[in-house]
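**Q** Position chain P relative to chain B; hints supplied.
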Amino acid sequence: MTLAILIPAYNEEEAITRVIKAIPKKIAGISKKAIFLIDDGSSDQTSQLARKAGAEVLTLPINQGVGTATITGIEAAKFIDADIALTLDGDGQHDPREISKIVGLILKKKYDVVIGSRIINRNLMPKYKLAGNFIMNWITFALYGLWVKDSQSGFKGFSKNAIQKLQLSSQGYEICSEIIGEIQRLKLKYFEMPIKTIYTKYSKNKGQFSLNGVNIVLKLIIKLISG
Amino acid sequence: MLFTKIVALIIGLVVIVKTFTDYRNKEENLQMVLFWVIVWGLTIYVAFFPTVIGEVIARLGNKNYTIGQIVGTGFVFILFITYRIYVKANRLEKQLNHLIRKIALNGLKNNKKKK
Numbered sequence: 001m002t003l004a005i006l007i008p009a010y011n012e013e014e015a016i017t018r019v020i021k022a023i024p025k026k027i028a029g030i031s032k033k034a035i036f037l038i039d040d041g042s043s044d045q046t047s048q049l050a051r052k053a054g055a056e057v058l059t060l061p062i063n064q065g066v067g068t069a070t071i072t073g074i075e076a077a078k079f080i081d082a083d084i085a086l087t088l089d090g091d092g093q094h095d096p097r098e099i100s101k102i103v104g105l106i107l108k109k110k111y112d113v114v115i116g117s118r119i120i121n122r123n124l125m126p127k128y129k130l131a132g133n134f135i136m137n138w139i140t141f142a143l144y145g146l147w148v149k150d151s152q153s154g155f156k157g158f159s160k161n162a163i164q165k166l167q168l169s170s171q172g173y174e175i176c177s178e179i180i181g182e183i184q185r186l187k188l189k190y191f192e193m194p195i196k197t198i199y200t201k202y203s204k205n206k207g208q209f210s211l212n213g214v215n216i217v218l219k220l221i222i223k224l225i226s227g
Numbered sequence: 001m002l003f004t005k006i007v008a009l010i011i012g013l014v015v016i017v018k019t020f021t022d023y024r025n026k027e028e029n030l031q032m033v034l035f036w037v038i039v040w041g042l043t044i045y046v047a048f049f050p051t052v053i054g055e056v057i058a059r060l061g062n063k064n065y066t067i068g069q070i071v072g073t074g075f076v077f078i079l080f081i082t083y084r085i086y087v088k089a090n091r092l093e094k095q096l097n098h099l100i101r102k103i104a105l106n107g108l109k110n111n112k113k114k115k
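Residue numbers (the numbering used here), protein chains in the order written: chain B, 1 to 227; chain P, 1 to 115.
Chain B extracted, bound-state conformation:
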């Protein structure tokens, strides 16, 4: 079984080495593991540090957004014929030790998609992020008809079936909602796994800005209209 770990990253030199080094060396049920750092046109040392830490770096020459980086990663997973692909944020807000749990659910319970849901320490989540997340859950539900507790999570696992079937085209953060839409469209078997979130000063400053929500909604609506 081959696992592709996909880390979209933009200027994450402060956290990237820690994130890659924290990925478990051995994961039950996995015989081969590939770590892909998709460098979204970073201007800092993200690529160099990721390579040094043991990741294979895919470089997007111009900053395109987390959506494009994620799609590139999924295409790489397809290319190496991965059985499971897993996306992980590069800012260190996810605990890489939870990769094993996601992989276990896909292998044993045959889920197509496992969504890492940031609900365990919701009280630690900054209030504005919590509100933004709740609004995006509702918007995702209104647009795609599937309610999930954390539609904007970047920690997700995909089975080979999902990797092959997903048709994604979002460039930015709207990819998270688009994936939920694809789960609904393709009737994929999914599970929301509660995950811990590591909120540091650094990770709090990274990720989506609240005002970006308006932009995401506009792009999702345009996508639905233009197909």
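Where hints are given, some of them may not hold.
[Unchecked claim] Ranges of calculated distance between the beta carbons of each label pair, as one might list FRET restraints:
(1) D81/B <-> I81/P: 46 to 52 angstroms
(2) K223/B <-> L99/P: 17 to 23 angstroms
(3) F48/P <-> L224/B: 41 to 47 angstroms
(4) L224/B <-> V52/P: 40 to 46 angstroms
(5) V56/P <-> L130/B: 55 to 61 angstroms
FYI, nobody ran anything at the bench for these hints, they're computed from the structure.
Quantities reported herein were computed from a predicted structural model and do not represent experimental measurements.
All residues carry an ideal CB built from backbone N, CA and C; glycine is no exception.
**A** Frame of chain B; chain P shown alone:
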């Protein structure tokens, strides 16, 4: 009316300054700079002296057109231009995105071939 004048002045000046900055950074040629300066200069002038439109129509000898018709035609034209720009920008964005993804994956494919 004062609001319209202020908005036209601010937007016009922003565009003119941006055009000059682009020219200084060698991202725009002189012809385009002149074009935008004339277009926005005229826009600001019309915002401050709207009666000029009526005078121009009168001089052209056709008094059947009203200001409303002229503005309406202009609005339709601007909507058409916006649509064209949206279609072209969207197409370019998709093509660029596809190309960038291809470049990123080429590295991986070449590495696998070497191995």
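**Q** Determine for every hint whether it applies to the structure shown.
**A** A quick look at each hint next to the structure:
1. D81/B <-> I81/P: 46 to 52 angstroms: holds (47 angstroms)
2. K223/B <-> L99/P: 17 to 23 angstroms: Because 20 angstroms falls inside the window, the suggested range holds.
3. F48/P <-> L224/B: 41 to 47 angstroms: holds (42 angstroms)
4. L224/B <-> V52/P: 40 to 46 angstroms: holds (44 angstroms)
5. V56/P <-> L130/B: 55 to 61 angstroms: holds (57 angstroms)
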